[in-house]
Amino acid sequence: MITALNMTVPLKQDPESLAKLQKLKDDFADHIQPLIDAALRKSGIVHFARVLVVHDRFIQVLTEFDGDSKEYTEFFRREIPEVFERIFDLAEGTPGWDHLNNQDTFFQASQRLNIAALGRSEDGRADQGWLYDNFGKTVREIEEALVQSSGSTGTGGGGTGGGSTDSSALTAAAAAFAAASAAFTAAANARSGT
Amino acid sequence: MPVDTNDLQGMVLGNIRYPLVRRLIFSMSDPGGAEGHARALQRFVTKLRPLILFGTNARTEARGWVANISFAHGALKAVKPDICGELESAFLKPPDPEGLGDAGASAPANWWEKQFRGEDVSCFVHLHAVDDAQLEAATAEVLSEARGAGLAELIPRASGERLDGRFLGRGPAGGARLHFGYVDGLSNAKIAWNAAPNPERPVDFRSVVLGYYDDDFPCAPARDPAAEFVRDSSYLVFRWVYQDVATFERFLTATGPKLFPALPARLAREMLAAKIMGRWRDGAPLIRSPQVPAAGRENEEISFAGDLNGLLCPVSSHIRVMNPREQPLFGLARTTGIPKVVRRGMPYGPALKGEKDDGLDRGILGMFVCASIREQFIRLAGWGARNNFSNVFPAHGRDQDALIGNRSVAGATRTFTIPMGRTGGGTVRDLPDFIRTKATQYLLMPSGRTLTRLFPLD
Numbered sequence: 001m002i003t004a005l006n007m008t009v010p011l012k013q014d015p016e017s018l019a020k021l022q023k024l025k026d027d028f029a030d031h032i033q034p035l036i037d038a039a040l041r042k043s044g045i046v047h048f049a050r051v052l053v054v055h056d057r058f059i060q061v062l063t064e065f066d067g068d069s070k071e072y073t074e075f076f077r078r079e080i081p082e083v084f085e086r087i088f089d090l091a092e093g094t095p096g097w098d099h100l101n102n103q104d105t106f107f108q109a110s111q112r113l114n115i116a117a118l119g120r121s122e123d124g125r126a127d128q129g130w131l132y133d134n135f136g137k138t139v140r141e142i143e144e145a146l147v148q149s150s151g152s153t154g155t156g157g158g159g160t161g162g163g164s165t166d167s168s169a170l171t172a173a174a175a176a177f178a179a180a181s182a183a184f185t186a187a188a189n190a191r192s193g194t
Numbered sequence: 001m002p003v004d005t006n007d008l009q010g011m012v013l014g015n016i017r018y019p020l021v022r023r024l025i026f027s028m029s030d031p032g033g034a035e036g037h038a039r040a041l042q043r044f045v046t047k048l049r050p051l052i053l054f055g056t057n058a059r060t061e062a063r064g065w066v067a068n069i070s071f072a073h074g075a076l077k078a079v080k081p082d083i084c085g086e087l088e089s090a091f092l093k094p095p096d097p098e099g100l101g102d103a104g105a106s107a108p109a110n111w112w113e114k115q116f117r118g119e120d121v122s123c124f125v126h127l128h129a130v131d132d133a134q135l136e137a138a139t140a141e142v143l144s145e146a147r148g149a150g151l152a153e154l155i156p157r158a159s160g161e162r163l164d165g166r167f168l169g170r171g172p173a174g175g176a177r178l179h180f181g182y183v184d185g186l187s188n189a190k191i192a193w194n195a196a197p198n199p200e201r202p203v204d205f206r207s208v209v210l211g212y213y214d215d216d217f218p219c220a221p222a223r224d225p226a227a228e229f230v231r232d233s234s235y236l237v238f239r240w241v242y243q244d245v246a247t248f249e250r251f252l253t254a255t256g257p258k259l260f261p262a263l264p265a266r267l268a269r270e271m272l273a274a275k276i277m278g279r280w281r282d283g284a285p286l287i288r289s290p291q292v293p294a295a296g297r298e299n300e301e302i303s304f305a306g307d308l309n310g311l312l313c314p315v316s317s318h319i320r321v322m323n324p325r326e327q328p329l330f331g332l333a334r335t336t337g338i339p340k341v342v343r344r345g346m347p348y349g350p351a352l353k354g355e356k357d358d359g360l361d362r363g364i365l366g367m368f369v370c371a372s373i374r375e376q377f378i379r380l381a382g383w384g385a386r387n388n389f390s391n392v393f394p395a396h397g398r399d400q401d402a403l404i405g406n407r408s409v410a411g412a413t414r415t416f417t418i419p420m421g422r423t424g425g426g427t428v429r430d431l432p433d434f435i436r437t438k439a440t441q442y443l444l445m446p447s448g449r450t451l452t453r454l455f456p457l458d
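One line per chain: the protein sequences are A and B, in this order. The opening position of the first sequence corresponds to residue 1 in the working numbering, with each subsequent residue numbered one higher. The opening position of the second sequence corresponds to residue 1 in the working numbering, with each subsequent residue numbered one higher.
Because the hints were derived from the structure by calculation, they are not lab data. Misleading hints may appear alongside valid ones.
Computed spacing ranges between beta-carbons, pair by pair [stated by the list, open to error]: (1) A:148 to B:2: 54 to 64 Å; (2) B:196 to A:38: 27 to 37 Å; (3) B:420 to A:135: 28 to 38 Å; (4) B:133 to A:120: 48 to 58 Å; (5) A:16 to B:458: 50 to 60 Å; (6) B:14 to A:30: 48 to 58 Å; (7) A:95 to B:357: 46 to 56 Å; (8) B:30 to A:112: 32 to 42 Å; (9) A:19 to B:30: 57 to 67 Å; (10) B:30 to A:120: 39 to 49 Å.
No experiment lies behind these values; they were computed from the predicted model shown. For each residue, glycine too, the CB sits at the ideal point set by N, CA and C.
Work out the full structure, taking the sequences as your base and the hints as a guide.
Right, dumping it as structure tokens:
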């Protein structure tokens, strides 16, 4: 079960807040991205993540991950509170971080700011909308397949990430995994008659 | 700030030591709006208060029957809307079936035998009595007061029967038996009140009562004045669970000998029952006694550290999913930890004789005491529905608790893996549903002080 989080935070438009937003954008690559990256790697369940600023009107935190959002939000509140504090400090119509920084109010705020995608969830979840998922595999399954194919050591869903697998082996593993997935999809389609 | 345990209702302190329990459920009877509802509850609680057991869960012969009381969202919203709005968001909404794994026949549309909706509930009165005569007398008295106050009883069964719990009998070492034949209460750890958790009392009180927020024990409300208002109160999750004993026993008979062909048939089915629970039905943990039942060893400490592959105790066995102890956690669970709830359950319905379904309703009236419904109860229920919190499980994370998993959950497997050992093992691929959720209700069980603030004494 892969879940999409499309957290969309409206931004304050006063000059001071816009200046803070610019500072956040300037700081992101060197100071914020590493913190988020470390938390994502530790989670072991996140497929993709990115942070967007949309015309200085919204910040979007977009991720796709295994599981559901209840535990997910609490994990990131505990792991990278300083990042969310900076984001919510810029948010329009949201209480201050002192108020938000607890399990229940942070969960409520993240749910309120999460925008469901258009369409229908393929597993029937009302709050999700449609999410195309080519593999239907968890991050752990993909990592294990890569490790098996390459015979190398993966991050194991909680390692410090990056750099432990040489690029040629990873490329070969990725190709092997893609081939295996294609075969799996073909077999599944054959079974379902599609 | 110390917890005044004398101010806690008995159910929070422990299982109340009476053999019979009845859950009386009430709603507002007249269209009086929130003000009318609040007045009715004020009248009712004023009358009932002398009968509410505080400060002990012990049997007190001098008092006869005793009661505890808890309130649903609708009642608290009517009485104290400002405080109610600060309570945990999960409490303020109907239970989320997706988070609880309540799909298929366990879906909320089927709850309460379709006699009413959870949103209709105002309060529960939990009656505890020594015998049926006392229970009926207690019921008559409470119903009289409720009617006089303007509350109506909700009957949760199409048959018109109430929800009564009673012990089924004792196991070999004296522990109460449940319908599936297991001895009850062995994994229910004691609470360390006003002290650091220790081996004797490993549960931190902050996971049981409200008003002591920190990141290790998150709860709502998190801050004063609402936190002060409800301090030492608890959330209570009522879970009415049907247990399909006939399916369970037939499964043991049909599958046990196939998995453990080296064992006599009777022991093979007991071995399978033990693998499903993680304990023999006499209570002895598989980790301590992997080959045969061992009455008298049920209270021994257990650890899964030396059994990470589940050779002795399968990783999806019930007690191991509900409390994996030192088993390494994966992903988010490494940060959020093992959720703990305190159980106060009692079986209901007659014991099944043999393996043929007699069509009677039986199961457990589960009560789970916690400080955070979402972080404790829902998260644990989610672990039962999806074994994805540790690397010991398959990477797809879609296996379930072998006993309580709901196989209708989207994507769930029906697989139960028992690693091959000396006497057998194998993979079950058609694991049946053994339970069905018949209702879930979120309640607040107030401390004495909170009760007085909600309903001032005359």
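Here's how the hints hold up against the structure:
no.	hint	in the structure
1	A:148 to B:2: 54 to 64 Å	holds, 55 Å
2	B:196 to A:38: 27 to 37 Å	holds, 31 Å
3	B:420 to A:135: 28 to 38 Å	holds, 31 Å
4	B:133 to A:120: 48 to 58 Å	holds, 56 Å
5	A:16 to B:458: 50 to 60 Å	holds, 55 Å
6	B:14 to A:30: 48 to 58 Å	holds, 55 Å
7	A:95 to B:357: 46 to 56 Å	holds, 54 Å
8	B:30 to A:112: 32 to 42 Å	holds, 35 Å
9	A:19 to B:30: 57 to 67 Å	holds, 58 Å
10	B:30 to A:120: 39 to 49 Å	holds, 42 Å
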